[in-house]
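Model the placement of chain C on the given structure of chain H, informed by the hints.
Now for the letters of each chain:
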Amino acid sequence: MSTLSEAFSTSFALMGGLDAKLLGIVGLSLKVSLTAVLFGSLIGLPLGAAVAVGRFAGQAPVTVLLNAFIGLPAVVVGLLVYLLLSRAGPLGQFGLLFTPTAMVIAQTALITPLIAAFTRQIVADAWREYHEQLQSLGAGTLRATFTLLHDTRFSLVTVVLAAFGRAIAEVGAVMIVGGNIDGVTRVMTTTIALETSKGDLPLALALGLILVGIVVVVNASAHLTRQWAQRHYG
Amino acid sequence: MAETGNGMFPLVMCNVGFAAGDRAILRDVNLTLEAGRRTVVLGPNGAGKSVTLRLLHGLLWPTTGEITWGGKTAQPTAQAMVFQRPVLLRRSALANIEYALDLAGVPRAERTDRATAALARVGLPHVAQRAARVLSGGEQQRVALARAWALAPRILFLDEPTASLDPAASREVERIVADIAASGTRIVMITHHLGQARRLADDIVFMHDGRITEHTPADVFFRQAQSREADDFLKGELP
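Here the protein sequences line up with chains H and C, keeping their order.
Here this note's numbering is used: the first residue of the first sequence is 302, the next is one more, and so on.
Here this note's numbering is used: the first residue of the second sequence is 10, the next is one more, and so on.
The shape of chain H in the complex, shown without the other chains (with noise of 0.2 Å):
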């Protein structure tokens, strides 16, 4: 008991105090699930509204596929992103593994079947009520497509910072493609596992609690954002 409270006040003392350790690895966890978060978007939205829209052969496996890696497993998905950039993979020469580009790329694999699924989900529901409207006033398979995105934009931000949470929170693909190397790939949840294991429990508390924190503020975001929407837009 006396460890944690002990492990409490310390890290409140490295929160309070801005430690420059902490900040870089928090800063560098923020700066690889953002741009995670910004291409699995950019693939996932597009991707899952294509799919709700377009009518195309193999249209139920692929919704299938979608929802079943919802919960890919974060370690699985880092191992085939190392086999991808190890040396002998195809993409070794890129010399990518280890680095913070690397742990892009794994997040981004592990989050944009999760966008791509509930945008898929969400854009169907509204396909459904506004499919001969939209063919009434004569729109294409493509820009009904957008229409739906924008119109279900209050929705789909959810889905992204939920994708966010989840991209901030993994450990087992950022620690197999980034190799927790201090100071270039070190990020909140491997320092929390790399901490715990030597026994530092204070600088694994503070990253702990900030990582709760900074999921917090997203769902309360998430849940603003629906709020305000449905007050505003119906």
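For the record, the hints were derived by calculation from the structure and aren't laboratory data.
Treat the hints with care, since some could be wrong.
[As the list claims (entries may be wrong)] Some but not every residue of chain C turned toward chain H, in silico, with C-beta under 7 Å:
1) I34
2) L68
3) L69
4) M90
5) L98
6) A109
7) R139
8) A140
9) R232
[As the list claims (entries may be wrong)] With beta-carbon atoms standing in for the labels, derived distance ranges:
10) C:N24 <-> H:Q360: 55 to 61 Å
11) C:D37 <-> H:R444: 32 to 38 Å
12) H:L525 <-> C:H201: 41 to 47 Å
13) C:R32 <-> H:H533: 41 to 47 Å
14) H:G514 <-> C:A177: 51 to 57 Å
15) C:R32 <-> H:A369: 30 to 36 Å
16) C:G132 <-> H:V458: 51 to 57 Å
17) C:G146 <-> H:G390: 58 to 64 Å
18) C:G26 <-> H:L335: 55 to 61 Å
19) H:V516 <-> C:R117: 41 to 47 Å
Where a beta carbon is used, it is the ideal one built from N, C-alpha and C, also for glycine.
Relative to the frame of chain H, chain C by itself:
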């Protein structure tokens, strides 16, 4: 509009059948609609009225037979449809109409003026900047009518536009439909409201069990329906 709509009429359904899977919904439907009239489609639920309207509007394709516009099979663009439940986008009422004008190929410079004028014609100039989906049901339907009207269609299809509205909102919608008709647009409307049919219709198409049993001038229809099904329907409706 890309097409002015000249030569759209008569709109003819020739031996049209429509099936969903194995289930036949329409059988051998023949109908000729001339320009400049107000036609009301009556009939019990499941008679095939909505499917007929969607076939005419081009949302569905006939399984058998064909639909021709002025002798041609091409779907003209100078047409619009208003649905039972208005489907408006999450943007302002004005932007909803501008969106439809954009899809119809109206140049950007003209859209706002046309959309503003359309909202004024349905008596809603004050909601232009309000989010469309938080308006009342009656206001939403009027925005949907304004959107259809802004497209300057030669023919307007309406599928029970007042079914989910209260009497005051229904009367307002009726007035707007009459105004749209007076501006030269041909009206084809489904309703279950016989009073509305009497007030609006020049002629009545009665449907029963996937067929048209009669297509009669409204005054004749309400004096003495020509088909037994319509007669039974009216007796059931008007005790």
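Here is what the structure says about each hint:
1. I34: violated, 16 Å
2. L68: holds, 6 Å
3. L69: violated, 10 Å
4. M90: holds, 5 Å
5. L98: With a minimum Cβ separation of about 5 Å from chain H (threshold 7 Å), the hint on L98 of chain C holds.
6. A109: This hint holds: A109 of chain C lies near chain H, its Cβ roughly 5 Å from the closest one there, short of 7 Å.
7. R139: violated, 10 Å
8. A140: Nearest chain H Cβ about 5 Å off; hint holds.
9. R232: violated, 35 Å
10. C:N24 <-> H:Q360: 55 to 61 Å: The hinted range 55 to 61 Å is violated for N24 of chain C and Q360 of chain H, with Cβ atoms some 34 Å apart.
11. C:D37 <-> H:R444: 32 to 38 Å: Distance hint for D37 of chain C, R444 of chain H holds at roughly 37 Å.
12. H:L525 <-> C:H201: 41 to 47 Å: holds, 43 Å
13. C:R32 <-> H:H533: 41 to 47 Å: holds, 43 Å
14. H:G514 <-> C:A177: 51 to 57 Å: holds, 53 Å
15. C:R32 <-> H:A369: 30 to 36 Å: holds, 34 Å
16. C:G132 <-> H:V458: 51 to 57 Å: About 35 Å separates the Cβ atoms of G132 of chain C and V458 of chain H, which means 51 to 57 Å is violated.
17. C:G146 <-> H:G390: 58 to 64 Å: 59 Å Cβ-Cβ, so the 58 to 64 Å window holds.
18. C:G26 <-> H:L335: 55 to 61 Å: holds, 57 Å
19. H:V516 <-> C:R117: 41 to 47 Å: For V516 of chain H and R117 of chain C the Cβ distance comes to about 43 Å; the hint holds.
Violated hints for the displayed structure, listed by number in ascending order: 1, 3, 7, 9, 10, 16.
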